[in-house]
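By the numbering used here, the letter at position 191 of the sequence shown is numbered 191, and the numbering carries on one by one without gaps.
Hints were generated in silico from the structure; no laboratory data involved. Be aware that a few hints might be false.
[Unchecked claim] The following label-pair restraints were derived from C-beta to C-beta distances:
#	residue 1	residue 2	range
1	G248	T150	29 to 39 Å
2	T253	G85	40 to 50 Å
3	Q203	H50	19 to 29 Å
4	N132	P69	18 to 28 Å
5	K105	G135	29 to 39 Å
Ideal placement from N, C-alpha and C gives every residue a C-beta, glycine not left out.
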Amino acid sequence: MSYNFSNKVALVTGSGRGIGATTAIYLASLGADVVINFFRNRAPAEETAHAVEALGRKAHLVKADVGNPDDVARLIDETTRVFGGLDILVNNAASGYIRPVLEQKVKGWDWTMNINARAALFLSQQAAPIMNARGGGSIVNVSSLGSVRTLPNYVVIGASKAALETVTKYCAVEFSPMNIVVNAVSPGVIETDALDHFENGRQMLDESRKRTPAGRNVTAEDVAHAIAFLCSPHASMIRGQTIVIDGGWLVATL
């Protein structure tokens, strides 16, 4: 099964590294021009852009904090100004405070919710009319298993991802008349920079691999492939769903 995203424009938030970078590059390999979004670290985002351009596609970097409504509007405006429209939106940017419940603070809750859930809602809201003008599009939100399973010190991130999955369902229903397909993916444990924030990140990788029926951990490439599928015509009747990509870890540990 192959997809052709030629003449398509994709915006991938948080695409300087990890799942976002891998997805941006994979979509480019399928023909899409890509808007690369970053917030703090420009160098990795430039590397992603170079990889996109090496595939013969156009890349445009936009520094924007998706937790800031003004930056959200600017990100969409910049995408439209440079490429003339938008066909694919991948809400991947994420952040959060890894602390036990008794140590969480209001500031951490607001920060996490704004970046992980509110941003996806309002980026989707502003992207929808632009996609509609081009005949439709695809939106994929990146969640995590912490939305349905309790993970150590993950309370605010887990809550934000649960909210993100609910946003996915509502957008899927309301955007369907515009031929915009909205879904989410929920990866298992992946070896990315995010694991550096966990005290036992390496141990989590080892334990996850042992408990995964597929015999290995999920990779960023696995997630990128699923995202591309959800953005393809083959997935047009999958709407409002959260697709778990974990090699069977979740069902094996219920």
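Checked hints:
1. Evaluation of the 29 to 39 Å hint for G248 and T150 yields a failure: the beta carbon distance comes to about 19 Å.
2. For T253 paired with G85, a C-beta distance near 43 Å keeps the hint of 40 to 50 Å intact.
3. Taken as a hint, the range 19 to 29 Å is violated for the pair Q203 and H50, whose Cβ atoms sit roughly 34 Å apart.
4. N132 and P69 have their C-beta atoms about 21 Å apart, which keeps the hinted 18 to 28 Å range intact.
5. In this structure, K105 and G135 break the distance hint of 29 to 39 Å, their C-beta atoms being roughly 45 Å apart.
Taken one by one, the earlier hints fail for this structure at numbers 1, 3, 5, listed in ascending order.
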